[in-house]
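Below are the chains, spelled out letter by letter.
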Amino acid sequence: MDSSKTMTMKEAVSRFVQDGDTVYLAGFTHMIPFAAGHEVIRQKKKDLVLARATPDIIYDQMIAAGCAKRLIFSYAGNPGVGSLRCFRRAHEKGIPKPLEIEEYTHFGLSGRLFAGATNMPFLPMRTNLGSDLPAQNPLMKVVKDPYSGDEVSVVPPLKPDVAVVHVQRADVNGNCHIWGIIGEQKDAAFAAKKVIISAEEIVDESVIRSDPNRTLVPDFLSHAVVHEPWCAHPSYVQGYYDRDNEFYVKWDEITKEHESTMKYIDEWVHGVESRSEYVSKLPPSKVDGLRPKEAYSSPVNYGSV
Amino acid sequence: MDSSKTMTMKEAVSRFVQDGDTVYLAGFTHMIPFAAGHEVIRQKKKDLVLARATPDIIYDQMIAAGCAKRLIFSYAGNPGVGSLRCFRRAHEKGIPKPLEIEEYTHFGLSGRLFAGATNMPFLPMRTNLGSDLPAQNPLMKVVKDPYSGDEVSVVPPLKPDVAVVHVQRADVNGNCHIWGIIGEQKDAAFAAKKVIISAEEIVDESVIRSDPNRTLVPDFLSHAVVHEPWCAHPSYVQGYYDRDNEFYVKWDEITKEHESTMKYIDEWVHGVESRSEYVSKLPPSKVDGLRPKEAYSSPVNYGSV
Amino acid sequence: MVIVAARELKDRESVLVGVGIPNLAANLAKKLQAPNLLLVYESGAVGSNPSRMPLSIGDPCLVSGAKSVCSMYEQFAYYLQGGRIDVGFLGGAQIDKYGNINSTIIGTYKTPKVRLPGSGGACDIASNVKKIIVITPHEKRRFVEKVDFLTSPGFIDGKEGWRKLKLQGGGPYAVITNLCTFKFDEVTGEMTVTALHEGVTIEQVQENTPWNVKVAEELVTTPPPTEMEVTTLRALDPDKIYLR
Amino acid sequence: MVIVAARELKDRESVLVGVGIPNLAANLAKKLQAPNLLLVYESGAVGSNPSRMPLSIGDPCLVSGAKSVCSMYEQFAYYLQGGRIDVGFLGGAQIDKYGNINSTIIGTYKTPKVRLPGSGGACDIASNVKKIIVITPHEKRRFVEKVDFLTSPGFIDGKEGWRKLKLQGGGPYAVITNLCTFKFDEVTGEMTVTALHEGVTIEQVQENTPWNVKVAEELVTTPPPTEMEVTTLRALDPDKIYLR
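Protein chains in written order, with this note's numbering: chain A, 1 to 305; chain B, 306 to 610; chain C, 611 to 854; chain D, 855 to 1098.
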């Protein structure tokens, strides 16, 4: 046991996120670590390079709060709703500050992270050719396939300085299980130089070891383990709480102006100390309404003689 | 439901394995589909290109029986014991017939299959340079990394004509779960043109759907589903039966001569009609001695609102 | 549009589904002529059986009871690049007569008038699935001579430019609007009206399309929605999130 | 050899383990000075807690209660190529003074005298881990001027050849035999005797090594096995599968 790794989100962000870092808050629609993003805002980190396939509301908030200087992404929309207005305000009008962009397709960005996680020199992929994207992004290159002679698009590895990966359950050392949509969580953890694992539940090591095929990453990859229930709200955690679709729709309204956005951030980010305070501020009916039904997996036997 | 896919191993091998095919019997030490190999021998398939990272005893048997013209591999040993004598007899002395070889490292061969499964044009990897292997294998090439300018070793995709993948449990359509050492099973299924799924247990579709993250491949990839308990013996199936280490050691003795090998094959392959007959021929004490203890996974909740 | 799109789906095909209209169309087809249609979501869920209409492709109801779930890179690598997907639905802010789509920017890339969400998986889908079906309102600002930014390749400048790319996909297959259905000319790769929806004239289509619209020799009228189609569709969206 | 190898492992290192001697050495180190040693097996098992001595790296006991299990490609890609492994153990039929190893063939590739199993993961391990430790009986047929086939790169022809390959690994670190321990000269990359096991003379080492053996300035005698080491090791292999 290495209990020195367990800490609060405040401590983890303070110790492992530096101004100017390339940050990857993992999660493709699922388990987006909002609590980590809020802590970054509270601690006024700046000049961050924010990387995520889908910036989602969390990066919209961090951009509005002035933490970002550059966005690496592949789909900058509010999923199921429309635009990310803060991203657009920053990129189109420089409010609150200008935002550089570096853009890929989903395959390209998830490929960069996979290549980073597995330390490939570069990754060839069947896409990008024919699109105007490569002309705008010098990191996308073309090589000749030595077998067919055809031109092939390639992307370089992405190795963030720090990744935050939220999971359903982890032990105190950071061995962890996730299920549901598993997005780029594993690749983010393997690609990053520093890894913060946050978990809905801290469980005994034996729970993780009872199902090693479900392990996302073993403990030696992580630098901090944070017990952070409801970390992902308004995103969701399969089996723990559902996506707060209402809030995703509401965000469109909240962000109509920079001022209204900052009012939200003042109240819900700066106005609370921690995620637990944030959760207790949510209407109880909201919290209760997001609790899922039960649908347990059929267990499997790992026994040997 | 598409029950037309369920069939016996005899039918599956007869319909989907053709003379001259490139065949991949999947399983890195675990769940090696011996029953499929034995059926190939019984049906006297010939001129096969046998591909596997570790040929193991099963390919040794198929080589001795004269089914193979070429072996694509990365480690041709009897794991934990020593040589594969039939492979060596064929390759060194042409007994019972000459055997061509095409050789990689483990990373190279598993990479070829991964590239085949994901239809990459080629796969760059940090290995092979410095070894004498590439000089003996024209399919291993070198390209220039467009980012660093360094030389990088690459391998081409491997797309077998047919793969046999044994699993713990599948439904009648071929949705299937595996756990334990998962080797190259997923890549073999995605890379191959035709896929035979064999399973220790046929379960209701709801069992598979209760844990979609454990699914190896969804049904639409498979062409045949075979219910074949004890398919893997003397290899093993986690949670069902252990590895018959005794037989792996004994194989070294059995294969001292081609004649003694053929005697074994006559008795244990040609001498039985099916896997169930093979199992009933094993001493009951052997079968009982391989049964594992219980060690069930902690279930997880997949519920939504 | 939903019903017309649903009719294009055949049993046993695999279809990459986005939320909204495509999701409805796919689920409708599955209830009617294509019970073995395989629904694949960008988020990694395969063979989903959603208990309700999801708002986003990341809805937990797409996972509960799915056949399989894999990671994001795996989804794009094994399924899309792997050539395992038959049909993909795309939309966009602009489309030209060769089916090239813009979902990135209005204006220029460096000085955007409107910054749109970007490719997401669209360019990857356009490059790798056998048939691309585009569902879009028929508006002049959407149908353009030249897209401001080419996000997802159609037939580029006709089939020649497409062939040079050596993509494994089949390219654009149909464009379904509120007025008509276009398919693409086998030789020139140009969008061609093949069916007018009931009550729509070819003049109306031309009015809302900036280029000289090509019309198929055998132009038909889209068969009206059957009662079965309408009832089934309404049951799929009881809260009328997508249907007005 | 097991005890000497075990002493080379430090706490919190990750070690890629094969069966037999390396497995014993790693498990011994874990019971003694390196309780947080991470055992990684080629077969994809990480953090195994084997309840008995496995015969092969694919033994089910390496999976029951492991921290993680991943696929074969993932194991090589995420862990080895990912630069996540500190120590790898290798053996082989032949080794030369720069630590180049042959586990492929005796004779020539086209006309083999003895066909050995081949690389398996050996070349991948040699190219990517920080320290390679070779455990081998000290026999003249194993220590050769030039390997018949270079399966896994050591320092090639000295450090210059190694540097040209631009591999991320650290190359050979130690060779442990029944007579002595070699380490590698920092400048020339040549195998150098750094410790003689108790009762062994440098002449005995030279007799069993075909080249002119280099000896470290500070040559020491390997400290004899402690009682703790011997007792712990015996408990790890009660059936004496690996220990005589």
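Certain hints may be false.
Derived DEER-like restraints, expressed as beta-carbon distance ranges [stated by the list, open to error]:
no. : chain 1 : residue 1 : chain 2 : residue 2 : range
1   : B       : E578      : A       : R291      : 23 to 31 angstroms
2   : B       : P588      : D       : D1093     : 16 to 24 angstroms
3   : B       : V386      : D       : E1057     : 53 to 61 angstroms
4   : C       : K793      : A       : D252      : 31 to 39 angstroms
5   : B       : F552      : D       : E993      : 51 to 59 angstroms
6   : B       : L444      : D       : T1042     : 33 to 41 angstroms
7   : B       : L444      : C       : R622      : 46 to 54 angstroms
8   : B       : S309      : C       : V830      : 32 to 40 angstroms
Don't read these hints as lab results, they were simulated from the structure.
Just so you know, these numbers come straight off a predicted model, no measurement behind them.
A virtual CB, placed ideally from N, CA and C, is assigned to each residue, including glycine.
Compare the structure with the hints numbered earlier in the document and write down the numbers of the violated ones, lowest to highest. 1, 3, 5 and 7
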